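Visitor: Letter by letter, the chains look like this.
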Amino acid sequence: MTSRQAVSQADKLVQRYLAQLDAALQGVDASRREEILAEVHGHIDEGRTGLDPDDAASVRTLLDRVGDPAAIAAEAGAPPPGSRRWDMWAPWLIIFGPVASGLGWIAGVLILWTSPTWSRRDKLIATLVPPVGLVALFFGLVTTLRAAAGCSGPAATCTAKGLTLPLGVAILLLVVGLAAHLLPPIHLMRTRRRQLSALA
Amino acid sequence: MEPGEDVNWLAQVRRGVAEHCVLALLTKGERYGFELARELGARGQIIASEGTLYPLLARLRRNGLVETSWRESNAGPPRRYYHLTRDGELALASFTKQWRVFRDAVDEILDEGIQE
Chain A
0 MTSRQAVSQA DKLVQRYLAQ LDAALQGVDA SRREEILAEV HGHIDEGRTG
50 LDPDDAASVR TLLDRVGDPA AIAAEAGAPP PGSRRWDMWA PWLIIFGPVA
100 SGLGWIAGVL ILWTSPTWSR RDKLIATLVP PVGLVALFFG LVTTLRAAAG
150 CSGPAATCTA KGLTLPLGVA ILLLVVGLAA HLLPPIHLMR TRRRQLSALA
Chain B
0 MEPGEDVNWL AQVRRGVAEH CVLALLTKGE RYGFELAREL GARGQIIASE
50 GTLYPLLARL RRNGLVETSW RESNAGPPRR YYHLTRDGEL ALASFTKQWR
100 VFRDAVDEIL DEGIQE
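Order-wise, the sequence lines are chains A and B. The opening residue of the first sequence carries number 0 in numbering that gives the first Met the number 0; numbering runs sequentially from there. The opening residue of the second sequence carries number 0 in numbering that gives the first Met the number 0; numbering runs sequentially from there.
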């Protein structure tokens with residue numbers, strides 16, 4: 000029983016180390032990052048073949064010799080952690096920037112694209128989707144209010160002019176717009192938090 | 000501040016030198032990463048830690064100074080073996096010549112400093 004726990008503890012040490020290395024390698028191009036991760040992983044496996052697999056202490060010694068993930072990342076040319084210091088603001092600026100002032104949104108997008116924390120795909124989605132979501136949210140809100148005011152029935156009963164939609168469609172538009180506006184920045188926050196906890 | 004500065008110059012010297020030490024080890028025949036890491040690690044100072052070898056190997060491969068091939072191992076998963084290319088041999092020869100001149104010049108200056 001104790002030996003099984005020790006095995007999983009040693010495995011956990013290795014997993015945590017590789018997660019730290021993966022996080023530290025953010026900003027290094029994907030193929031190089033994979034190559035380095037795979038090689039370090041192979042190195043650790045190779046080092047463990049000669050060791051007692053139950054012994055967490057010897058795995059710790061092995062990982063010490065492999066060294067600080069930050070040093071490996073620096074050797075790989077990863078951008079220094081300083082380029083991430085504004086990260087926490089990007090999601091908030093993307094959410095509230097367009098409402099408060101367009102400049103806030105631009106600042107958020109600038110932070111987003113200059114940081115190594117997020118992948119290119121996440122950056123593209125967080126740049127393009129929330130503005131579309133905001134427009135949908137706006138129209139959803141307007142048409143919901145109109146529909147609620149009785150504009151969804153026959154045209155004759157409606158006194159308001161402009162776009163009208165059935166109430167259900169209008170509410171759906173509102174909800175989808177809200178989701179499209181909020182979910183990409185929330186995803187940015189979660190990605191960042193995951194990396195910070197891996198590096199800690 | 001002094002110890003910090005010591006570490007810093009060593010890191011800077013290592014950058015170019017460690018790569019060529021890897022090339023030199025490969026003249027004795029192809030090696031896989033773990034072997035190279037242990038050989039370099041055993042001599043101390045050449046690499047900062049065993050893990051820093053791998054970005055360095057990736058760089059050598061990208062610059063065409065080494066090539067890799069996968070081989071089965073009798074224990075565990077296949078290993079990636081590194082071997083020198085012709086460009087790697089040329090780079091090593093040119094480094095070796097320049098390094099000896101450089102090393103002699105540094106030694107001479109340091110010795111003069113000690114004698115005074």
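The hints are simulated quantities; they were obtained by calculation from the structure and are not laboratory data. Keep in mind it's a predicted model, so treat the numbers as computed, not measured. Positions of the beta carbon are idealized from the N, C-alpha and C atoms, including for glycine. Incorrect hints may have been included.
Claimed, not checked - Reference listing, derived: stretches of chain B covered by chain A, where coverage requires no fewer than 3 residues with Cβ under 8 Å from a Cβ of chain A: (1) 43 to 52; (2) 69 to 78.
Stated by the list, open to error - Facing chain A, a subset of chain B residues (Cβ under 7 Å, in silico): (3) Ala17; (4) Phe33; (5) Ala57.
Visitor: If a hint holds in the structure, say so; if it doesn't, say that too.
Guide: Here's how the hints hold up against the structure:
Under the rule that three or more residues need a Cβ within less than 8 Å of chain A, the assignment of the region 43 to 52 of chain B holds, with 5 such residues. Coverage of the region 69 to 78 of chain B by chain A holds [criterion: at least 3 residues with CB-CB distance below 8 Å; count 4]. For alanine 17 of chain B, the suggested interface contact is broken, since its CB lies about 9 Å from the closest CB of chain A, more than 7 Å. Proximity of phenylalanine 33 of chain B to chain A holds as hinted, the smallest CB-CB distance being about 4 Å (cut-off 7 Å).
Here the hint on alanine 57 of chain B is kept, as its CB sits about 5 Å from the closest CB of chain A, short of 7 Å.
Checked against the numbered hints given earlier, this structure breaks only hint 3.
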